[in-house]
Amino acid sequence: MKSLIDITDLSEAELRGLMDTACDIIAHPGEYCEKCRGRKLATLFFEPSTRTRLSFEAAMLELGGGVIGFSDADCSSVSKGESLADTARVIGCYADIIAMRHPKDGAALLASMNAGVPLINAGDGGHCHPTQTLADLLTVYRAKGGFDGLTVGFCGDLKYGRTVHSFINALARYKDIKTVLISPPELCLPEYIKTGVMARAGMVWREAGSIEEAIPELDVLYMTRIQRERFGNSDGYSELEDAFVLDAEKMKGAKPDMCVLHPLPRVDEISTDVDPDPRAKYFEQVKNGKYMRMALILHLLAHAGEQGGRPANAPEAHGLVCANERCVTHGERGAEQLFRRNADGSFTCLYCESELRTSAGLHND
Amino acid sequence: MKSLIDITDLSEAELRGLMDTACDIIAHPGEYCEKCRGRKLATLFFEPSTRTRLSFEAAMLELGGGVIGFSDADCSSVSKGESLADTARVIGCYADIIAMRHPKDGAALLASMNAGVPLINAGDGGHCHPTQTLADLLTVYRAKGGFDGLTVGFCGDLKYGRTVHSFINALARYKDIKTVLISPPELCLPEYIKTGVMARAGMVWREAGSIEEAIPELDVLYMTRIQRERFGNSDGYSELEDAFVLDAEKMKGAKPDMCVLHPLPRVDEISTDVDPDPRAKYFEQVKNGKYMRMALILHLLAHAGEQGGRPANAPEAHGLVCANERCVTHGERGAEQLFRRNADGSFTCLYCESELRTSAGLHND
Amino acid sequence: MKSLIDITDLSEAELRGLMDTACDIIAHPGEYCEKCRGRKLATLFFEPSTRTRLSFEAAMLELGGGVIGFSDADCSSVSKGESLADTARVIGCYADIIAMRHPKDGAALLASMNAGVPLINAGDGGHCHPTQTLADLLTVYRAKGGFDGLTVGFCGDLKYGRTVHSFINALARYKDIKTVLISPPELCLPEYIKTGVMARAGMVWREAGSIEEAIPELDVLYMTRIQRERFGNSDGYSELEDAFVLDAEKMKGAKPDMCVLHPLPRVDEISTDVDPDPRAKYFEQVKNGKYMRMALILHLLAHAGEQGGRPANAPEAHGLVCANERCVTHGERGAEQLFRRNADGSFTCLYCESELRTSAGLHND
Numbered sequence: 122m123k124s125l126i127d128i129t130d131l132s133e134a135e136l137r138g139l140m141d142t143a144c145d146i147i148a149h150p151g152e153y154c155e156k157c158r159g160r161k162l163a164t165l166f167f168e169p170s171t172r173t174r175l176s177f178e179a180a181m182l183e184l185g186g187g188v189i190g191f192s193d194a195d196c197s198s199v200s201k202g203e204s205l206a207d208t209a210r211v212i213g214c215y216a217d218i219i220a221m222r223h224p225k226d227g228a229a230l231l232a233s234m235n236a237g238v239p240l241i242n243a244g245d246g247g248h249c250h251p252t253q254t255l256a257d258l259l260t261v262y263r264a265k266g267g268f269d270g271l272t273v274g275f276c277g278d279l280k281y282g283r284t285v286h287s288f289i290n291a292l293a294r295y296k297d298i299k300t301v302l303i304s305p306p307e308l309c310l311p312e313y314i315k316t317g318v319m320a321r322a323g324m325v326w327r328e329a330g331s332i333e334e335a336i337p338e339l340d341v342l343y344m345t346r347i348q349r350e351r352f353g354n355s356d357g358y359s360e361l362e363d364a365f366v367l368d369a370e371k372m373k374g375a376k377p378d379m380c381v382l383h384p385l386p387r388v389d390e391i392s393t394d395v396d397p398d399p400r401a402k403y404f405e406q407v408k409n410g411k412y413m414r415m416a417l418i419l420h421l422l423a424h425a426g427e428q429g430g431r432p433a434n435a436p437e438a439h440g441l442v443c444a445n446e447r448c449v450t451h452g453e454r455g456a457e458q459l460f461r462r463n464a465d466g467s468f469t470c471l472y473c474e475s476e477l478r479t480s481a482g483l484h485n486d
Numbered sequence: 122m123k124s125l126i127d128i129t130d131l132s133e134a135e136l137r138g139l140m141d142t143a144c145d146i147i148a149h150p151g152e153y154c155e156k157c158r159g160r161k162l163a164t165l166f167f168e169p170s171t172r173t174r175l176s177f178e179a180a181m182l183e184l185g186g187g188v189i190g191f192s193d194a195d196c197s198s199v200s201k202g203e204s205l206a207d208t209a210r211v212i213g214c215y216a217d218i219i220a221m222r223h224p225k226d227g228a229a230l231l232a233s234m235n236a237g238v239p240l241i242n243a244g245d246g247g248h249c250h251p252t253q254t255l256a257d258l259l260t261v262y263r264a265k266g267g268f269d270g271l272t273v274g275f276c277g278d279l280k281y282g283r284t285v286h287s288f289i290n291a292l293a294r295y296k297d298i299k300t301v302l303i304s305p306p307e308l309c310l311p312e313y314i315k316t317g318v319m320a321r322a323g324m325v326w327r328e329a330g331s332i333e334e335a336i337p338e339l340d341v342l343y344m345t346r347i348q349r350e351r352f353g354n355s356d357g358y359s360e361l362e363d364a365f366v367l368d369a370e371k372m373k374g375a376k377p378d379m380c381v382l383h384p385l386p387r388v389d390e391i392s393t394d395v396d397p398d399p400r401a402k403y404f405e406q407v408k409n410g411k412y413m414r415m416a417l418i419l420h421l422l423a424h425a426g427e428q429g430g431r432p433a434n435a436p437e438a439h440g441l442v443c444a445n446e447r448c449v450t451h452g453e454r455g456a457e458q459l460f461r462r463n464a465d466g467s468f469t470c471l472y473c474e475s476e477l478r479t480s481a482g483l484h485n486d
Numbered sequence: 122m123k124s125l126i127d128i129t130d131l132s133e134a135e136l137r138g139l140m141d142t143a144c145d146i147i148a149h150p151g152e153y154c155e156k157c158r159g160r161k162l163a164t165l166f167f168e169p170s171t172r173t174r175l176s177f178e179a180a181m182l183e184l185g186g187g188v189i190g191f192s193d194a195d196c197s198s199v200s201k202g203e204s205l206a207d208t209a210r211v212i213g214c215y216a217d218i219i220a221m222r223h224p225k226d227g228a229a230l231l232a233s234m235n236a237g238v239p240l241i242n243a244g245d246g247g248h249c250h251p252t253q254t255l256a257d258l259l260t261v262y263r264a265k266g267g268f269d270g271l272t273v274g275f276c277g278d279l280k281y282g283r284t285v286h287s288f289i290n291a292l293a294r295y296k297d298i299k300t301v302l303i304s305p306p307e308l309c310l311p312e313y314i315k316t317g318v319m320a321r322a323g324m325v326w327r328e329a330g331s332i333e334e335a336i337p338e339l340d341v342l343y344m345t346r347i348q349r350e351r352f353g354n355s356d357g358y359s360e361l362e363d364a365f366v367l368d369a370e371k372m373k374g375a376k377p378d379m380c381v382l383h384p385l386p387r388v389d390e391i392s393t394d395v396d397p398d399p400r401a402k403y404f405e406q407v408k409n410g411k412y413m414r415m416a417l418i419l420h421l422l423a424h425a426g427e428q429g430g431r432p433a434n435a436p437e438a439h440g441l442v443c444a445n446e447r448c449v450t451h452g453e454r455g456a457e458q459l460f461r462r463n464a465d466g467s468f469t470c471l472y473c474e475s476e477l478r479t480s481a482g483l484h485n486d
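Chains as they are written, first to last, in the working numbering: chain H, 122 to 486; chain S, 122 to 486; chain G, 122 to 486.
No lab work stands behind these hints: they were computed from the structure. Warning: the hint list may mix true and false statements.
Intra- or inter-copy, both count: the list cannot distinguish identical chains.
As the list claims (entries may be wrong) - Pairs of lysine-lysine, BS3-like flavour, derived with a Cα cap of 30 Å:
{"hint": "1", "residue 1": "Lys201", "residue 2": "Lys156"}
{"hint": "2", "residue 1": "Lys408", "residue 2": "Lys156"}
{"hint": "3", "residue 1": "Lys371", "residue 2": "Lys201"}
{"hint": "4", "residue 1": "Lys201", "residue 2": "Lys296"}
{"hint": "5", "residue 1": "Lys315", "residue 2": "Lys156"}
{"hint": "6", "residue 1": "Lys123", "residue 2": "Lys408"}
{"hint": "7", "residue 1": "Lys315", "residue 2": "Lys201"}
{"hint": "8", "residue 1": "Lys156", "residue 2": "Lys299"}
{"hint": "9", "residue 1": "Lys280", "residue 2": "Lys315"}
{"hint": "10", "residue 1": "Lys408", "residue 2": "Lys201"}
{"hint": "11", "residue 1": "Lys280", "residue 2": "Lys201"}
{"hint": "12", "residue 1": "Lys371", "residue 2": "Lys408"}
If you're wondering where the values come from, they're calculated on a predicted model, not measured in any experiment.
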């Protein structure tokens, strides 16, 4: 069964196919409004996310399909101790496709292994949120026609910004991408992304201390919200705040065809005086997310009958237990541990993708 | 963009058009059941109201349309600090029309200025609930054929009763209306409505101490619930309670064609022994609300492309800040202060319609 | 108005008709996908139950109908003191059929007496959950072709297990049923079911101390969850736990065509190693529940116009009050007491079916 857990589940050709479908939907909506007649999407939102849930629901309705679901974690079956595996299987009896948001890393993979229908990860803990990346990609594609050779600035919380990591993962497939990383030192992009993703893909990057400094060279500026809680020194927060806030004044230094993205919600990191600027694409980004979800639903339903490979545990990983406390394997009955073995002898949990290092032969408990 | 914030946004001709459409829907439902095929209504209920929300959802489904939405204030984007303006704009990307209920006065106007699609005020704080008034108007229209010359009794909480104020506002357009105001002294109709609305419209009114005293002359009796918390002296509450309770015995004193309305929910101010009386119209009122919402949705969608005027601040009001703590301008980023200047030199907040009096030249902070 | 409050509201012929319809839906889904076009189901879930609610919603959507509803008890009208009778009547203005779950025993009957449209009991307190029984019946019917002569094992919490009681009630109509009751002594099947239902119907039963002991003779094994809170002696719980847990090892002792049912959610009373066994029917049971709800919706809508008898109070019961604190008559305005008189002089509350014994002539308050 084909599901979408991580943006890298889609090949570059599949991504291009989704973007072309989305553009066709934008151009000819009437040809798509009956495609999912008689089909149902279940939105299972164990934690609330109004924007994402409504985007999926709007997408399915615009395809002529139906929607069922729940939108908070207080569902009785969960509180009665039902496993996520069972819940996924039961919901798979009611719908043709599932979109799920869950607070635990790796929950989407676990659910997809049991649902019996295609499953779209709408956000699993701090792990992935691939459909946001689809919205981001389409926005750049519509503005720029492609990705090769772009200079992309990332601003704000690059340490915890899940959408930043995922967008970088997606960009890694293209050529000659330059990135400019604009963040407070405390929130800079993690090393493992620089070395493990960007360097490996031939992406070059530089760090910049402020938007103003970086903006003249950017083709794309990807803004993110800095959550105050994440920024340790609140005095420091106020001082640096301005360097990471975009306003109309700073937009004067940008290229005439630069585009500004933000996964939203934005608080004050983009001043409202930027909104009328045609380079501000963050609300078009919202619509693009809906169109890409429509394309994705069609794609997954078309492949629904196909056999998916079921993930298997690396033989050498027998007995290992994921150390990430937020991984779905903690506290979920029926979630067998699954690892892949890396070239350097470490193991990666297939659910949450955190790394586990063990001494040869030593098992942790 | 045409929206419905306050009942007075609709001209008398438009109101009549809505009522005629509603009557046609009642007579020929089959002609309307596909009118909104492919369209979507978003119900944004920041505070719960099952009756109103389900009425809107039923209305849209009976037009062949789809519904998305949320029904409580615990939506993640709000808790992440997103402005109401942004939320409205995002939801406007997912739906063709919005019905919104919000706890702050004036929230509906602010949202309508940003949504990009028609917005229906389903209740904004203590300010307005225009679609309840539409239900009330249709109920009287179907029973009486029109409004001129009617004697309308209002009973219960006339001080805080938002639906009472709105219905009076609507009746003000008609001729020779007499009203009888039946309430405890603590909950009588505010002066500003008597002088500012009723007197100005040529409506006459008298106060009555009990239903029994007033009922023989009434064409319409509009009952409202008295919330115990509002009634200061709880001993006084018990004593006076009976004077404002309607039962079958008192109905004997009423005209044979009087109609009884109540916006519901009713607690004990209408005894259940009134329910079988054909003059009891409060459940038909529920259905009329649904039909009027259907007519309203069709009306607003038909005019969706038209340019709405964007409200502008009176020049003399520069720097003024609304003093109503429950106004949406308090605590909402991006809600610019907007006032109109009144003939007597005071200002009225365009959002919540509370008045602001300032000394000439003095600005409050 | 025909509603479904208790499984016994359906005659054996009607039950068979529902099962035949469900089987036809399974075989020819395309013939049913437009049957409820233009109709609406309202799901009123005063307490959450994701599985049951989503099953009803999926059922209505697969019939081409629409769904409105609420899924928690925090609906404003209820908190404003509206009676359940009024709520039911209002919702009956918005939908063609209602499925309701409520925490009070007897709530479904009260609502059905006021709704004006067919009402399906989706669970009223500890009283009934008839559509679960429909799912159970269809599962056995599809596996066995009928019910006569079956040996059915019930395992787990037979004292509080509402679905067990209801399934036994349904089986009572068939011939030569043998039951094996497998439970801890603290949770055994109540006497009134043994004498009042099983004995009266000619069903024979025996008690068994463990699954292992009973499984070789079973045609059907109906598993239920034992809630730890119900089991007084937690030490005793651990000791006995294994006797009431089903696993693949114990399945080796079962007939090759035995079927395993469970109303779900299951926690650990069925080991996941049973799931691949073709005799494990509990997930097919989920789908059967949806198909039976589809058949039930069609059946009730087809009979919606018919006059239902309105329950009346036995003359001798005048002044009596139901003693069950969880009965909906406690605390609900407008819920008139209704009893039937039994042969032995006791009375049964028509809402919650609890018995009231009074001395001749003595009324309780």
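Legend entry - Status of Lys201 relative to Lys408 across identical chains (alpha carbons, at most 30 Å): between (38 Å within a copy, 20 Å between copies)
Legend entry - Lys156 and Lys299: within-copy, between-copy, both or neither at 30 Å Cα: For Lys156 and Lys299, the Cα distance exceeds 30 Å both inside one copy (39 Å) and across copies (51 Å).
Inset, instruction - Can you give me the call for Lys315 and Lys156, within, between, both or neither, at a CA distance of at most 30 Å? - result: neither (42 Å within a copy, 54 Å between copies)
Inset, instruction - With 30 Å as the alpha-carbon cut-off, assign the pair Lys371 and Lys408 to within, between, both or neither. - result: Within one copy only: 26 Å inside a chain, 55 Å across chains, cut-off 30 Å.
Inset, instruction - At 30 Å max between alpha carbons, let me know whether Lys201 reaches Lys156 within a copy, between copies, both or neither. - result: neither (37 Å within a copy, 35 Å between copies)
Legend entry - Identical-chain pair category, Lys280 with Lys201, by Cα at 30 Å: between (36 Å within a copy, 18 Å between copies)
Legend entry - Intra/inter-copy verdict for Lys280 and Lys315 if alpha-carbon distance must be at most 30 Å: within (11 Å within a copy, 61 Å between copies)
Legend entry - Lys123 and Lys408: within-copy, between-copy, both or neither at 30 Å Cα: Answer is both: 25 Å inside a copy and 22 Å across each meet the 30 Å cutoff.
Inset, instruction - State whether the alpha carbon distance between Lys371 and Lys201 is at most 30 Å within one copy, between copies, both, or neither. - result: Answer is between: at 25 Å across copies they meet the 30 Å cutoff, but 53 Å inside does not.
Inset, instruction - Please work out whether the CA atoms of Lys201 and Lys296 approach to 30 Å or closer within one copy, between two copies, in both situations, or in neither? - result: neither (50 Å within a copy, 36 Å between copies)
Inset, instruction - Could you figure out if Lys408 and Lys156 sit no more than 30 Å apart (CA to CA) within one copy, between two copies, both or neither? - result: both (19 Å within a copy, 24 Å between copies)
Inset, instruction - With 30 Å as the alpha-carbon cut-off, assign the pair Lys315 and Lys201 to within, between, both or neither. - result: Close across copies (29 Å), not inside one copy (43 Å); limit 30 Å.
In summary, the structure is inconsistent with hints 1, 4, 5 and 8 from the numbered list given earlier, while agreeing with the others.
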